[in-house]
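Once you've looked at the hints, dock chains B and C against the given chain A.
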Amino acid sequence: MRSASSPQEGGNPTDIYQALIDIVGADHVSNRQEELYIYSWDLGTTEPHRPDWVVSPRTPEEIQKIIFLANVNKIPVIPLGGGLSLAGLAVPFRGGILLDLKRMDTIIEVNDRARYALLECGVSQGQLTSYLERRFPGLTHSEPGAPPAATVAGNVAIHGQGDLGHPYGFNSDMVNGLEVVLPTGEICRFGACSIGAKWFTQHPLPDVGIFLGWTGTTGIITKISLRLFPRKKIRGTAIFVVDNEEQVPDVFHRITHTQMAEDIVAFSQTIPPYASGLQHFTINLAADSDKELEFKQELIFDDALGDYIRRGDGGYLGFTRGLQHPQISKTADWRKGGGFEYVGSIMPVSQYPECYRRGREISERHGIPYTVLGRCIGAAHAMMFSWTYAFNRADQETMRHAKDAMHETDELALKLGGTIWKPGLYGQSLVMSRLDPNTLTLMKKLKQLLDPNGIMNPGNWEVP
Amino acid sequence: MNITDFKYEEIIHRCFRCGYCKFPVNWMDVNNCPAYARYRMETYSCGGRLWLTRAWLTDAIQWSDHLAHILYSCTSCKNCEIKCPLGINVDIINMIRAAKGIMVEKGRIPKEARDFLENIQVHGNPYGIPKSKRGDWMGATSLEIYKNQEYLYHVGCVGSHDTRVQEAARKLGRVLQRGGVSFGVLGRDERCDGNEVKNMGEEALFEMMAQENIARFNKLGVKKIVTLSPHSYNALKNDYPLYGSNFEILHYTRLLLNLIEKDRLHLNVNIPVKVTFHDPCFLGRWNSEYDAPRRILAAIPGVKLVEMERSRENALCCGGGGGNFCMDLLGGSPDSSARRRVREALATGVAILAVACPKCLTILEDAVKVEGLDDRLIVKDIAEIVDEACGTT
Amino acid sequence: MDIDRDAARTEILRIARGEDSFVLHECVTCYACEEYCPMGNHPFYLIVQRQEKLDIPPLPRPLIRRGINMGVPFRGEPAIREINGKALLIAAFADHMFLIQGRIFEGLPVISDDPRKMFHYFCQLMYLHYARESVINERLPKIIDTIAGHNATEVICFHDECYGAYNSYCPAMGIDVPFRTVHFFEFLYNRLLELKDLIRPLNLRVAYQRPCSSRLSPDKHHFVYDICKLIGAEAVPRKYADENAICCGGSIEGQRREGSRKLALELRRLNVSDMKDAGAEVCIFNCPACYHTMCDLLSQEGIKPIYMSDLCRLAIGEQPARGR
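Chains as they are written, first to last, in my numbering: chain A, 1214 to 1677; chain B, -2 to 390; chain C, 130 to 453.
One thing to keep in mind: the hints can contain errors.
As the list claims (entries may be wrong) - Quick look at which bits of chain A chain C covers, simulated, 3 or more residues with Cβ under 8 Å:
(1) 1442 to 1456
(2) 1475 to 1486
(3) 1513 to 1521
Derived from the structure by calculation, the hints contain no laboratory data.
Glycine included, every Cβ here is placed at the ideal spot set by N, Cα and C.
Bound conformation, chain A alone (with noise of 0.2 Å):
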């Protein structure tokens, strides 16, 4: 396998950059500085390694011929949507074709009956949103707490999660078909839409669970059918404060119970001052009247948590119409430099209380505001609960600190009992050597099978 430092075997890059240019058209090809510098980096901690080429194609017969190309010359592929993961699950640790799909962002079809949306690999979280509220008001998608750039395929190709977890599951629990480039150029399709049909369902045919939670380790997303929900007139969000975290896990549990939550999430975090040594629940609540509204709110507030609230235990914020975008960039801006990275996990919802005090130790010791954050999958089936650490990009000390704080944060994570969500290289370790030694024997063999010449995102997953 080639290396970044090392020449390719095959073709020389004067002529792969050629072929790329032949497959994709000069627009969409960069072999100079400004490019290989941006798509080095993840928005992260990760330490930032050059591609060698960076690619955009439109269609998945480009994708398929560049990887006949890089098959033959043995080059790295790394596929990159929104490159929020935040983990460098898209850096090009030796080098190759960065492939940047955002070029391919067609929502092809919406069915507002069988709510699905087939979209493109490239489609972001806004614009989907976006796109739903002006053409399809009764519908909508988990979105998740990413920037809305964030890619809607990259985000279940990772397990991500919206702010429809609490009915629905992980995102990845809502997709009904996906087409796929192989490592080795096939172009395959899986769900319904595999034998003709409509893209409206997964099951029963045979699963996709070999593309979701790989990185891009198995073979480039290239179509995606997502299941869609629907969505009522009035939405908003409804707050409860808590200031025992020990409480936190009976909330979760009392609210889910009533079955009329959207979403839950729990969070606590130094800034501002008002959120610090207190537990904060956002409740999502959707209603297609006041009568409706009123009812979910006497069910969880007057009913649910009435008695934590008469006890003074717990404090009931109101409810705000609108739900607006997620402005987790602001995060980014606490320590005046520009950047952040986060341990996420999932976690069974019991492990809150000592998630956050633990959480906030490591965040205090390494002299970084905490902030972390539970959010609800399920019927409180697990938690992903997610530990923040911001950073001054400008102030490598501080980097130093937010990345041996989410080392530490990793080990905890499944000292807790958890698992690490998209876990970085760091964490990638940590849980292969934890893996059931026949899985991982399995998850080797599924990769020497599907990517024979090691080409996929390498670096990542890579069982030793």
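Coordinates of chains B and C only, in the frame set by chain A:
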């Protein structure tokens, strides 16, 4: 390079590259930055530009033609400032200007930019047309030279020299006459206001131009200026006061609206047509004027205004700002913002795409031709539509 | 609370003696009794003192803690510049600068124009809703010093509650206020008189949402009607106006007492339907907290919510600035 010499050293690293800057306010498309829309490489987005600037100033990368191209592809449309959720948002264009300024100082700017600025310096316009020709746009009109009338009508470089836009300039003059406005023009004595010069990083030249213009206007006793171009409007209203000017500045749409509402302009001719309006960046996002053009169109009998999905603060820039109406760094592709914009206009089912900016007029009309839409869509300045509605045609 | 005169007398005397009373548990903190007391004995301040002393806070503990932390300035020290003239104090609403634009406010310096530092100017009176008079008394002197540092000859208080803090609370508590204050509506009225030639009658039917803190300055309440008359707005005759005004319910909905959330909702609906029945087209606000609490319901009922300063701008031919 030394980043400590950069005025915005303290904040340039704060860009997170979250990508908000690529979207309009209504999120409908990731292509609301004209440079990113054209090239679809992260380097051409606002965030990419800021990161590359910092990389250059810290010697992580070297200056190159490509870097200069990336910097100068910014049209200063302000979409990024409006979208950026961080506190640095108010200085994004300032940072890009400052970076361009460093390139100008070192003489390392794209050839197109160098030609533009040299032409301004020598000929007073970016086209390289002799100063003596500046008044030719007046043609056989009865427009008067400025001599203490109430308003100075400032036409700008594009209105003075671009043959298509000269039509709009003349028609505006005719409409102002029809409305009984007391105004004069400078004709061949008019000089460029410098808005693009400033946005291209030539701060020193801009200062000189501003001071000369202010002196000229003061000598002539100018009190009020009405501009054809929102770019001129912006410079005269927002930048010139820093050099001691004290004039009342209006974009012509405000003046026309005033005339219509005071019944001094009678729009008698019925124009039964669907029209959409393209918000110019320097009128809309830069100066928060979205209403006057719309109210004018609403007052014209027969006109039905249809909004594009990206309108007002969501508008996609035509790609002409930052000198690009002349340098054309963003052309040559169906992905150019001008071609995208005319396709969007066509999708609304209108026959006329109305504009209120000379640069938008010339760029969008060219885009219509390149897209082969001449028989389906006409680009007209609002002044031209009002002229028709007054029956002065 | 629905009690008769005798019961009221009995309970206030209990409270004055420092004893428990059902009033301490059921007070919704609407501030109205401050206005009702003809002797100026500040019954509400007394209630709050006793609630704190007897540990009967109306709000749950987490909300109290949150509120107290919210008022902590954490983004550096304020930039004190000498003004030596009139100034507008926007205090903890520095993120609402769009409400003080245009000719009415031309040339008027603003104290606390930086949202990052605005809590250095926060009058703290909000903590009356939290039974935390101690927090007010601890922090307010420093706030007063900060404002006084600007050396303004006259401080125009944007928010009713600031004016109430410096003209009602501070005298009641013996806290010295070394600057002269002007009520926002008094300022607006006088400015409109100066700009009278620009006024074009609005011909709107309006209702006024009287904030709780307005009860601390009842002598300035008439300016609401004076302004309306000047700008050609008809203040519709309502049941729940003036002394009978209903508060927005913003602080009630989070209270511990059972049924508080529903009570707040009912009060809001009663208030808005009263406006609607009286034929109001517009509801005028001084207080951003009231505005945010009520704007949705008003809009649903076809009544346009607007701040008083924006209404005045409309009257002189200006368009309100948009908040960003």
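Numbers of the earlier hints that this structure fails to satisfy, in rising order: none
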